[in-house]
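Top line first, the protein sequences correspond to chains H and S. In terms of the numbering used here, the first sequence has 13 at position 10, counting the first letter as 1, and numbering is strictly consecutive. In terms of the numbering used here, the second sequence has 51 at position 67, counting the first letter as 1, and numbering is strictly consecutive.
Note that these hints are calculated values from the structure, not bench results. Please note that the accuracy of each hint is not assured.
[Said to hold, decoys possible] Here are the simulated DMTMM-like cross-link-like pairs (lysine to aspartate or glutamate), alpha carbons at most 25 Å apart as the crow flies:
(1) Lys279/S <-> Glu279/H
(2) Lys123/S <-> Glu257/S
(3) Lys281/H <-> Asp178/H
(4) Lys279/S <-> Glu257/S
(5) Lys123/S <-> Glu156/H
(6) Lys163/H <-> Asp145/S
(7) Lys163/H <-> Asp176/H
(8) Lys281/H <-> Asp82/H
(9) Lys123/S <-> Asp145/S
(10) Lys279/S <-> Asp190/S
(11) Lys163/H <-> Asp178/H
(12) Lys301/H <-> Glu17/H
(13) Lys301/H <-> Asp317/S
(14) Lys279/S <-> Glu156/H
(15) Lys279/S <-> Glu74/H
(16) Lys279/S <-> Asp145/S
(17) Lys163/H <-> Glu74/H
(18) Lys301/H <-> Glu156/H
[As the list claims (entries may be wrong)] To give an idea of the interface, some chain S residues facing chain H are shown, with a C-beta separation under 8 Å as derived from the structure:
(19) Gly43
(20) Ala45
(21) Ser48
(22) Leu49
(23) Trp53
(24) Ile239
(25) Leu301
(26) Pro323
Cβ coordinates follow ideal geometry from the N, Cα and C atoms, glycine included.
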Amino acid sequence: MTAVPDVLVDTSEEDRPRVIRSRESAQDRLYLIAVRATGLVVLLIVSSIGIFLGLQSVPTLRHYGLGFFTESRWLPSQDIIGIAAVVVGTIQVALLALVVAFPLSLLTALFISDWAPARLRPSLIRMVDMMAAVPGIVFGLWVLFIIQPHATEVAHWISKHLGWFPLFHVRTDVDYPIWNQLPGYPSYAGSAFIAAIAVAMMIFPMATSVMREVFSEAPVNEKEAALALGATRWAMVRTVVLPFGRSGIVGGTMLALGRALGETISVVLVISQTFEIKPYVLESGTSTISSLIASSFKEASAAQLSALLTAGFVLFCMTLVVNSFAAVIVSRSRGREVTDL
Amino acid sequence: MTQTVTRPPGRRRREPEPVATAPAPPAAPVPAASATPPVEEDVRRPSGRTREDRLTVVGAAAGSLATTWLFYSRILPLEGVVGFVVVGYLVFVAFYAGVTALTQPRQVVVDRVVTTAVIAAPTLVGLALASVVVMTLWKGLPVLSNANFYTSDMAGVRADDPFTRGGILHAIVGTLIEVLIAVSIAMPLGVATAVYISEVGGRLADLVRTVIEAMTALPSIVAGLFIYTVCLVYLGMPTSGLAASLALAVMALPIMARASYVVLGVVPGGLREASYALGAGKWQTVWRVVLPTAKPGLATALILGIARAVGETAPVLLTSGASTYFNANPVQDPMNSLPLFIYAAVQTGNPAMEERAYAAAAVLLAVVLTLFVLARLVAGGKKSR
């Protein structure tokens, strides 16, 4: 007879069974050694990536100093390199993607959990999951050829009528039509706004499924109670589902944000790359950390390569922080006290 | 009788219409779940619609469409499809709210306005998704209809050559080889790590779990850059399929490990207990009880991981190099893959190459969706989590 597994021991706190010690068979010892070794190897591999990226930023910071974080230009030929612009661009694109994806995800999650007929629900859930499997490059193509012609018109309209607001300003003469821009002035194509549409399509499924899962855990009794008290469906959702699912909404959004920060290929396809810190998100030209890596790794010298790795490390730290917050928030939503009738 | 319990008071003044759609629950209103065993406990829907409700929608829709058309396209100097849809939607909401307010209290008006938004958002996304699929198929159709597209490579094919020359066999084979190697590295390591975390445990296992959870945040481009720097620049490996596989494996390992231990975590502890009670050892329990029980879930995780790896462009872009010729040797010479082929073809800016890119995107989409359907079938219809 062998030992009671640890798994069983730590499940019940107060009623702890006695731990029976016994010698493990050779087979078990081999298995434990093998599994521990694999775990260690994976730990080494996985943590070595983080450590490697961290170490690579040391020579970069020694070479470029703190100016690396404040310099916005990326001119390898003149040895002027900084990530200020790409960091700002990354955050801009990710936040814009959230602005597009968040309302859509929230409403879709609500539709699936509370509006759709029960027999439609599984196929809707499957559709959302399937959307998560669509490759980023396909969404990139789609935005480039289907969405961009319309999106530039929308951007033109917004900048024409709301251009006094700095976010919507485009530094060109807005009275010129889209197809006849003044030469040398920025156009409306390839902007952070249009890239954000592609990213929004990438993050929508993740945000939706996290929110929907939390919404579907909303206590049925309380929903029934709200309806019995005469609430309309929206009133029921507002008073029961949304308060219950608040952590899911925030957590799902954060997870989606983490994904949006690292999204590469759909952004690279859409944007025209410029290195400039600007609030004008409708204007052509932006850059993100991942698009910077994708476009300039090939010509990079050793020093620039370590600068790129540092940029990658910064990106990783950003996604890590966002994801950890999200994980904490989502896990807090479980085990909420629920009125049991 | 039971219907009046769930109906909002705003609708009470209408006569109770016979409800055909809602399944009539047994007499007791609240514990309906006990009588419907297959479906999990579910809120009964507030009952169906009256004729007034339906006519309100139809009237508001017709009125808003006419008004929008008249003002948007005829009177005001506006144009564009997007603008039309947005203005039309807003006018519809206004009309719908207005017509509803004639007969219903404020709460119902608010409910209906929200309902329009809740229905509009998934519709919009569904249309977008449908247009993605239709676009790739439609634009790729001239290329997809040629058999040589699947049987030959792009060696010596110029961008402007007719579609009867050249194909993506090299990219398909490249994708298969790269993903196969990547998965055969990531899957065993991932599952073994998951077994370690969930079945063995201990302080070190917790550390492994924390680190793996952290590394799922690793953006794929950074994984690619890591392999590019270590293998290609420092170790001097050539750009090859193997390098791409390593990059994909590094990207997929944390994801697969995490998915696997989530799956192992839902294996009921009672099964393990029973196994130990029968005198099985730890290895026997894991191999004969835990893993077989978790098999459908593990297979789903595996297939979804593959689908993710197949569609990932960024790590491949950095490591494999894009060949135009057929190359089935992963350790030598550049290798192409479907996402990379699409990316390179679009970057040329040549219209014919763009159509090839669409056709390749359609193939890629088909591969990914096939994998997805396969995953669902393996999961056996019911959710594994």
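Results of checking the hints against the structure:
Taking the CA atoms of Lys279/S and Glu279/H, the gap is near 51 Å; set against the 25 Å cutoff, the hint is violated. With a CA separation close to 57 Å, the supplied pair Lys123/S and Glu257/S exceeds the 25 Å bound. Annotation: proposed proximity of Lys281/H to Asp178/H holds, straight-line Cα distance about 22 Å (limit 25 Å). Distance hint between Lys279/S and Glu257/S is fulfilled; the C-alpha atoms sit about 19 Å from each other, no more than 25 Å.
In summary, the hint linking Lys123/S to Glu156/H is supported, as the alpha carbons are separated by about 23 Å, within the 25 Å threshold. For the hint pairing Lys163/H with Asp145/S, the CA-to-CA distance comes to about 43 Å; that exceeds 25 Å, so the pair is violated. Our distance criterion of 25 Å between C-alpha atoms is met by Lys163/H and Asp176/H, whose separation comes to about 9 Å. The straight-line distance between the Cα atoms of Lys281/H and Asp82/H is roughly 23 Å, inside the 25 Å bound, and the hint therefore holds.
A hinted pair counts as satisfied when its Cα atoms are at most 25 Å apart, and Lys123/S with Asp145/S qualifies at roughly 17 Å. The hinted pair formed by Lys279/S and Asp190/S meets the criterion: a straight-line CA distance of about 24 Å does not exceed 25 Å. Between Lys163/H and Asp178/H the CA atoms are separated by roughly 7 Å; this keeps the pair inside 25 Å, and the hint holds. About 60 Å separates the Cα atoms of Lys301/H and Glu17/H, which puts this hinted pair outside 25 Å; it is violated.
Proposed proximity of Lys301/H and Asp317/S is supported: the alpha carbons are some 17 Å apart, at most 25 Å. Taken as a hint, the Lys279/S and Glu156/H pair is broken in the structure, with Cα atoms around 51 Å apart against an allowance of 25 Å. For the hint pairing Lys279/S with Glu74/H, the CA-to-CA distance comes to about 52 Å; that exceeds 25 Å, so the pair is violated. A distance of roughly 48 Å separates the Cα atoms of Lys279/S and Asp145/S; the hinted pair therefore is violated under the 25 Å criterion.
Among the hinted pairs, Lys163/H with Glu74/H is inconsistent with the structure: their alpha-carbon atoms are about 32 Å apart, more than 25 Å. Simply put, Lys301/H and Glu156/H have alpha-carbon atoms about 35 Å apart, too far for the 25 Å limit, and the pair is violated. Hint on Gly43/S is violated. Least Cβ distance to chain H is approximately 21 Å, over the 8 Å limit. Restraint check, Ala45/S versus chain H: the minimum CB separation of about 18 Å is more than 8 Å; hint violated.
Taking 8 Å as the C-beta contact cut-off toward chain H, the hint placing Ser48/S at the interface is violated, the least distance being around 20 Å. Annotation: Leu49/S was flagged as interfacial toward chain H, and the flag is violated, the nearest CB pair being 20 Å apart, outside 8 Å. For Trp53/S, the suggested interface contact is broken, since its CB lies about 19 Å from the closest CB of chain H, more than 8 Å. Taking 8 Å as the C-beta cut-off, the interface hint given for Ile239/S is violated, the closest approach to chain H being about 11 Å.
Given the 8 Å rule on beta carbons, the hint for Leu301/S holds: about 6 Å separates it from the nearest Cβ of chain H. The beta carbon of Pro323/S is positioned within 8 Å of a beta carbon in chain H (closest approach about 5 Å), and the interface hint is therefore held.
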